[in-house]
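Full structure from sequences and hints, please.
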Amino acid sequence: MLGDSLDYDPTEDITGMLMSRDSLESLDELISVTRSYKLELSKEIKQLELEDSGEAATESDALALLQTLIEEYEVTKETSMRTQQSIMDVTQGISRLDNAKQNLSQTMSFFQNLKILTDCYIQCKQLLDSGSFRDMVSPYRIMYSLAGTTFAPYKSVQEINKLLTSVNRLKSEVFDRIKQKFQQLLSQQEIPPQEDTQQHNELRDGACELLDSDQSAKSTLIDWFISKLLYEMNEIFQVDDEAGSLENLARRYIYFKRVLNNFHSNLEQFFLPSWDLPMHLTETFMETTRKDLNILLKREFQDKSPTIDLFMNALQETLEFENYINVRFSKKLNDKPKLSTCFQPYLSVWVSHQDKLMDKKLLSYMSDPKFPENSTDSFIVPSSADLFRNYRAILTQSLELVQESENTAVLTALATFFTKWLGLYANKILEPLILPDNVEVEDKRECAKYTVLVINTAGYCSTTIEQLEERLLEFTSASEQINGIFMQTKSKYDDLAAKGINFLLNRLITVEISFVWREFKNVDWSNVMVEDYSRYMQTLKTLLKVTRSQPNTEGNVTILEYILKTFNRDIYKWNFLDKVINLVFSEFLGCILKLLQPTPPYASATTKPRLNPRAVVNIGEQLMLDLDLLSNILNSIPENMSGDGESTNNSSMKRTKKRIESDMDKLMKLVKLLIAPVDSPETYAETYNEITGGNDNSVVWAFILSLKAVPWDLEQWRALRAAYKTKLDERKEEGKPIDHSMLIMEWDSRPMMHFQANICRIQDPEWSKLVRNELRIHPPARTIQRPVTPQPQEPRRGIRELVSNSKLFER
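First residue of the sequence shown? That's 1 in full-length UniProt numbering, and the numbers climb one at a time after it.
If you are wondering where the hints come from, they were derived from the structure by calculation, not from laboratory data.
Ideal Cβ placement from N, Cα and C applies to all residues, glycine included.
Among the hints, erroneous ones may be present.
Okay, the calculated beta carbon distance ranges per label pair [claimed, not checked]: (1) Asp-276 with Asp-176: 18 to 28 Å; (2) Glu-730 with Val-511: 46 to 56 Å; (3) Leu-505 with Glu-470: 26 to 36 Å; (4) Asp-628 with Asp-578: 13 to 23 Å; (5) Pro-601 with Asn-575: 37 to 47 Å; (6) Asp-578 with Val-327: 50 to 60 Å; (7) Glu-242 with Asp-129: 47 to 57 Å; (8) Ile-675 with Asn-582: 23 to 33 Å.
Pasting the structure below:
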């Protein structure tokens, strides 16, 4: 085949095209095609030759253009260099003229300033001789500025240096003359009155203004003047003399106050207000006193038996003096080191000293009234608020002493101090207000009053303890250590509140409504007639009545209403109501189960049933009626508690009513199962499945049958079980959930566990087969209980005897 190779051999292609005789007939056509192809190849060759010649021409043109550009660049470069040289020749003269002009201008300014300096010097010299400081202010400032800035670089010039030396000599003379004037002022027996404006103006508006120009001279004069003011005091209160001891620290403070007041009254008007000389005077005094205090305290505590009272008095005097200074100067000296910082290394002694104060406080708390005088106040023990007021004062003083420094040891000692007295307050003031277990409750209202008082106070203390702890943690990094100190105390108050709640619930409310359950037991349930609400439920309604009115200690409110409306925190009210509701439901369920539970041994001909199935149905119908009233009773309590319409109360009311509705639904389901007929196993299975949501707990199923007083008929039980098993299988096939819980028996599983144990004791083989194999009920796991060792008890005493002995109740 045709190809681009230079070694192409046409023989192969010709042989292939002329293989047969018939191919000779198309020879003319082959020749024609070959000629056409040859012509095309010739055209392509010519085209390629033309393109090659064009590229060669283009390359030569580019080289020529490049050469032209190089020549033009050289010409341009030469031209620019000639132009630059021409410009430099023209501007060289102008530059010399500018430099000459600038030098001339500087020289004129220099000589002008030199003249001003000389004139000001001469003027200041003359004014100094005449003693006129006020007139000297303006020329002196100019002289001081020019000498210090403009002419300082020219000291190498002999004449300039001589002039500057004269200026400096004049400065010294001015300073000495001003110092002499203030010395005369201090030496005068009587300070010139303010009406003598000439001297005031010369010193304040003249001398002080002059020194304002020279900060070094100003500082020197201030230090000298302050040392003169404090000289006599420093001589009197020497650290090695008796006057300078800790015993006389208060006198030192009093003396300085006198010096400060004297300066304010007689000398302050001679100084510029911007100098803040009273503050400088105070700073100097505090610096000197701080050094003396460090020495005195170190000496005092080198002794093995330091005088604590002396230390406390010195600290108290120092704190009072610092407070005086803060008020006097509007806390402008707060950023300066305080005198009280000297006491920081010994603050643990200060903290321990507070024990004496708190011991006296605790004794007074024990005799103070336990109830607030004003009924509008929060219902807490008044002394608890006073306790924390004292704590806040101690904490504030401590933090002022500690300041911003890390002082973990002091803060730890402070936390230990707080928790110690909080524990004693709980043990000696609050806990005795809760009636002991060995004392009979005679006045429920009085017991409730004191117990709620304890709960409110414990809650207040617990909250305030947390705030106290948080405040301490702001000043130390030892958070775990501080938390550990407060943990036991917070638990103490939480336990105290829980103890009070349990007392109210178990010894007041439980006893109060126990009569209801006695009435329940006294009902002739075997012959009950469903006509109206039961009497026991009417009694419960009376005992749990809560109105919207405010509690009146003299009124006939129920003990529950009194307790709920005496709590000062909503969380206590609603939590206690939850416990009461739980108590009512649990006790009511217990009464129902105790009434209906079968008598062992089960499946025995000798055991007679307490009730027949028809009686149980009547009981269930009566219970349904009673549950309706119970729902109204319980729902009315949160509604009346939320009468104020607060959002918090409304949300709590909704939560409580939702809980009542949930528990009421569980009780109602139990009663519906008691009423459900068992004549048709399939119908009962359908009813049981619908009410329990497909519960497959065999123990619950059997226990409810026993509560319904279903006869111990083996065939009937098997039929009922088979029908329900079929229903469960259908439920599983439909993909519906299966419930495995104990239903309402979760409230108290003990009755059902007794039933489980007794049904497993049935001796009949067939019954045993049904129980163990078909129902898969086995004896409950035994829990080993240790025998309770009888403890000696105190003889029960009447509450009045307890009150008269402890003096806790205010009659």
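A quick look at each hint next to the structure:
1. Asp-276 with Asp-176: 18 to 28 Å: holds (25 Å)
2. Glu-730 with Val-511: 46 to 56 Å: Because 50 Å falls inside the window, the suggested range holds.
3. Leu-505 with Glu-470: 26 to 36 Å: Given range 26 to 36 Å: holds, Cβ gap about 32 Å.
4. Asp-628 with Asp-578: 13 to 23 Å: holds (22 Å)
5. Pro-601 with Asn-575: 37 to 47 Å: The hint (37 to 47 Å, Cβ to Cβ) holds, given that Pro-601 and Asn-575 are roughly 44 Å apart.
6. Asp-578 with Val-327: 50 to 60 Å: holds (53 Å)
7. Glu-242 with Asp-129: 47 to 57 Å: holds (51 Å)
8. Ile-675 with Asn-582: 23 to 33 Å: holds (25 Å)
Taken one by one, the earlier hints all hold for this structure without exception.
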